[in-house]
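Enquirer: Spelled out, the chains give:
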Amino acid sequence: MLEFDGLRKSFGEVRVLEGVGFTVQPGSMFGFCGSNGAGKTTTMRIAMGLVRPDAGEVRWRGRLLDQASRRRVGYMPEERGLYPKMKVGEQVAYFARLHGLDAAAATRAAGEWVERLGLGARRDEQVEKLSLGNQQRVQLAAALVSRPEVLILDEPFSGLDPVGVDSLAEALLGQVREGVPVVFSSHQLDLVERLCDSVGILARGRMVATGTVEELRRREAGRLLRVVVPDAAPGWADGLGGTRVVSERAGDTLLELAPDTDDQTVLGAALRTGRVTHFAWQQPTLVELFRGAVAAPAGAEVAA
Amino acid sequence: MTAPHDPSSGELVRLVAGREIATRIRDKGFIISSIVILLVIVGAVLVQVLTGSGEDQRRVGLVGGDAALVGALEAQGEALDVDVEVVEFDDAAAARTAVDEEDVDGALLAGDDELLVHESAGGTLEAIVQGAVGQLAVAEQLTDAGIGQLDVPEVAVTALDADAAADQQQVVAAIFGVVILYSLLILFGQFIAQGVVEEKSSRVVELLLATMRPWQLLAGKILGLGLLALGQIVAIGVVAVGAALAFDVVDVPGDLISTVAIVIAWFVLGYAWYAAVFAVAASLVSRQEDLATVLMPTSMVLIVAFFIGIQAASDPGGLLARVTSYVPGLSPLVMPVRQAAGEVAAWEIALAVALMLVAIVLVVRVGGRVYSGALLRTGGKIKLREALAAERA
Ligand SMILES: Nc1ncnc2c1ncn2[C@@H]1O[C@H](COP(=O)(O)OP(=O)(O)OP(=O)(O)O)[C@@H](O)[C@H]1O
Ligand SMILES: [Mg+2]
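Which chain is which? The protein sequence lines are A and B, in order. Taken in order, the first sequence gives residues 1 to 304; the numbers are from the working numbering. Taken in order, the second sequence gives residues 1001 to 1393; the numbers are from the working numbering.
Here chain B stands alone, though its shape is the one from the complex (with noise of 0.2 Å):
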């Protein structure tokens, strides 16, 4: 046998880690609650392609009417922001099949100003025609006036904005995205909520620091499942845009992809941070059954900023969602919505990261001393303020 020798703290965490991740990969529960949350995903995506089509193209039938008509319908179509395709028909007879078996999503009889469709118009569908259909009108009674050439001033059209379409899909990967966050924080925060417990219940945390440090505990544990769930986002994020771009959801990948990465790294920082508080709060109990009590200050921080997060979204420039874009703890979930949106500048960015840093810093400082002075002490719920006396006794 080869001689024992004294692991580094480095060595420690990663054992810790290792025995964490070994333990939870084995686990059925969590593997199938990753597989369902990637299914989540595919399945979001799916949704967004068959609703989003069926939103932006018309296939218009027309009998008769000329190049002018086929052209206004076009024109008004992209004045609508709707792809509209011209199928031309012989006859009504035929443009009525088609409506019919649902070939084109409606038909329109030039000759008898005559709408066909299957069931309904539908307001894009009928302001398309109609809109067509009145702006010829309107110029041939012009001509028959005998205004041939009237000058209608054209709109410049000078876009401010010009990305607004493409940030509005960014805005909305990163809801994706918060949904994401919010579900993987509060779930593994309850994963590692619950081996601390269990640790405690089952007093193997006397062994465990006969031989290591509370830190050491503490950071292999965060580190452990952190892995794991760094690796579920990123997989998760690889489906997403895999998805996105296979079913051609998106415009810019590019975009999306940043807004995946921006997600990603904010859920590295929000992670260490939940994960901590999560881990000290729950050392101060010693049963599974206590442990909602002192998890839900923690957890209530974590739905706030998860609403926040969604508002800011709609309003990322609102002054909410920039107070709280700054916060630590609410950062992780709306700095990503607001990055996303295009506001922000790089420094806003950078001061979010700092501050987040630094409550880390704070928590695992703090936390570890309530962690070490609560572990030892079993049985009924322990006061912060006792543990940390504890921890100095």
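For reference, chain A alone in the conformation it holds in the complex (with noise of 0.2 Å):
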């Protein structure tokens, strides 16, 4: 198990992390989600042992992550980096004797990573001479090479084509089913949804939810009620008690209900329009849990 567990940090007087906890099971994917600046990197990069926490660690298989265990995870930074004029071969095989793996292994390791991303042809290259998406595949080999125990990576899929954003996936799922916790930040929430087995939203310094998207659905359901009255006046439903209107167009309204309003007062009230053509509960996609999280405020925290 992976552990984040109550990491701190400020730079100065920015507090940026005040309390970031949440753990990544062996052979799961899960997806750090969170606003611009919202301290995902710098999380990461503690983990990393790149940026000292204020307070907190993190631990894997129970033990603090130190130097020693830290070479046994695959870390791929946001700002992507690599020597420049290295040869595609020679850098990965740098990376995985820098992990510890002997020259023999280290060569065949990065032979077979080089080809299983589709560079087999580049390997002699230097580096620079690739294109940006084909030097993301140099730093993903980069971080894979040394057969990791843990997976971390800073937004993986940002500037991959639809074909890469596939590979990638493909890659990582496979890391998963060999039993490697995967954590990666990204703001592709679609890719977030389909990938992970759990979720977590950074904002405002603490996660403001965490666990499935299952799990985060179904807190959120039995919230909000898309009604469609195709009859009714405009601001139909402003009068209802226990009721926010969330939007409403030509009589298609999202509401949210407050946990003790009876949704039957509120069809009740839609059947009194004329035709209720739609009466549901909504199931908020990943980027509306995403809105809503980010945009509550301090307190209302939601966690599954």
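Think of the hints as simulated: they come from the structure by calculation, not from any bench. Please note that the accuracy of each hint is not assured.
To list a few chain A residues with every Cβ distance to chain B over 12 Å, as calculated [stated by the list, open to error]:
| hint | residue |
| --- | --- |
| 1 | GLY159 |
| 2 | ARG217 |
| 3 | VAL228 |
Straight-line distance between alpha carbons at most 30 Å, and here's what the computed DSS-like set of lysine-lysine pairs gives [what the hints assert, rightly or not]:
| hint | chain 1 | residue 1 | chain 2 | residue 2 |
| --- | --- | --- | --- | --- |
| 4 | B | LYS1383 | A | LYS85 |
| 5 | A | LYS85 | B | LYS1028 |
| 6 | A | LYS85 | A | LYS129 |
| 7 | B | LYS1381 | A | LYS85 |
| 8 | B | LYS1381 | A | LYS129 |
| 9 | A | LYS87 | A | LYS129 |
| 10 | A | LYS129 | B | LYS1028 |
Label pairs and their computed distance ranges (CB to CB) [said to hold, decoys possible]:
| hint | chain 1 | residue 1 | chain 2 | residue 2 | range |
| --- | --- | --- | --- | --- | --- |
| 11 | A | ALA55 | B | VAL1366 | 24 to 30 Å |
| 12 | A | ASP102 | B | GLN1194 | 46 to 52 Å |
| 13 | A | THR23 | B | ILE1025 | 47 to 53 Å |
Cβ atoms here follow ideal geometry from the backbone N, Cα and C, with glycine treated the same way.
Using the hints, put the two standalone chains together into the complex.
Expert: Here is the structure:
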């Protein structure tokens, strides 16, 4: 189990993390979401020992993640970084050696990964001569080459074309199947929704939501009600107690209900306006969950 | 696949050093600069040979004259520190041809008291001939005047510094040494600095620091390039000694070799210090364009050290040379000159080395912290104080 526990970090006056904690099970994929500047990169850098937290720690298998165990972590930094003038194969092998493989094993593993990520033909080219997407593949190879026990990837999908996204997703799912916990940050929430077993949303220095997408939905479901009343006058739902109109367009109304509001009173009110063509609890998309979680005022935390 | 292990500090440092060496020896610029330096050394020795032998030897043709004159010419030459070889000719015509063909530097027609030369006599030749002829004439006239045996008290020469001439050669060797030391320090300092900035500007440093500590990265870079630099200076030393021996430029090969060894030893100390300072300074910027500004102060120190070193050659016992030969950073370029001039006590050398070692430890300690604090801060130039603060953050 990979545990992030009570991480706090301030840069001068700016308090970025104020007690960030979540866990990632082995063989599961964790999508780490949050607005720009929320502190995702800072959290991951703390895990990699690149930023010193003011408080809190990151544990792997119950033990503090230190310099030695970090070597078993595959990391992809947000700012991609490779030696521009070094050849693809040699570069990947070099990183394998830094992670503790001996020379022969490093060369072999580098060859395998370069081949697997479709860079076999570019093996002897300098990295700077590759396209951005291909450089990203080299970066991924550098993260995967040492058979890491844990993967921490900061926005690994950014800058990839759809085919690249699919092949990266495939590679990550392969790792998950082998029992590796994978944490990645992303702003592509559809991707997170599709790939991740669990999701965490970071806002205002804390995890405002963590759990499986299903769990988050269930929390939110029962609160958003979609009612379509084509004949109703605009503002038909304004007077209803215990509800808030989220949106209303030509009778297609999204209502947020307070926990103790009875949905049947809403139905009654809707029927009084005329025909009701749709009446159902809304399944929020991750994007909507994200918006809700990020926008919610401090204190109104959602946790599953 | 064999299981990965946890590499020790030594292994990591070796890996980094290995990468530095592998990258450099495949770099054309590096190879070319190395070869150019070696060629310059051989060239310098050759120049020494050509100009040196021209100065110290004279062939003087002689027509007529007796053994006394030959003796006087040779004695005069010795007094002026010139090897005089007297070649006797039968007549003036033969002497003239020899002068024309530059077989001899000049020819003395003893009967006519005339000196034949090709273009102009040049001070030394004229002094030799004039002195010899004059001496004989005086002796003859004294004899004629009846003063047969003139008691001229002979001046006994007691050399206080019998090794002066040999020392002079060592000083010349030391100057060469200082020039090379300076060039290599600048060259490899630049290499280190560029390497550090390359890792920062390409952001690869974040990936590196996820697997090793900043000091391991710093040590690996300094060690890797240091081995290359050491290889280069040893090669230069070997070539220089070889060339000097082959062309017979030096009188005491042992002294030359010891001077070369001294220069190399000081190079190691100087390199360790300058490389660390250059690396730390470079870590404060993220772009190659900003490098010159941060390297400026250190480069200035190096240039000052270089000029003091050269100056010390002419005045090795002077106050400036003595004081600066203890100052860390300056000592690697001054002390070798003083040592070559043979005017240093063992304790002075020990003190200079000790101070230099302390300075190296300090730079590595403090510099290592600056380096750690600055490496992950990209964009703009970072102030020293900020870097130190960031390291603690
Ligand atoms: N070294 C630093 N010094 C000062 N402030 C920093 C430093 N690193 C990060 N910050 C601040 O911390 C906050 C969080 O940054 P971080 O990069 O972790 O966000 P993020 O969630 O990764 O954002 P994004 O989605 O844009 O990548 C930002 O306000 C940033 O300005
Ligand atoms: Mg980020």
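Enquirer: Of the hints stated earlier, which fail here?
Expert: 12
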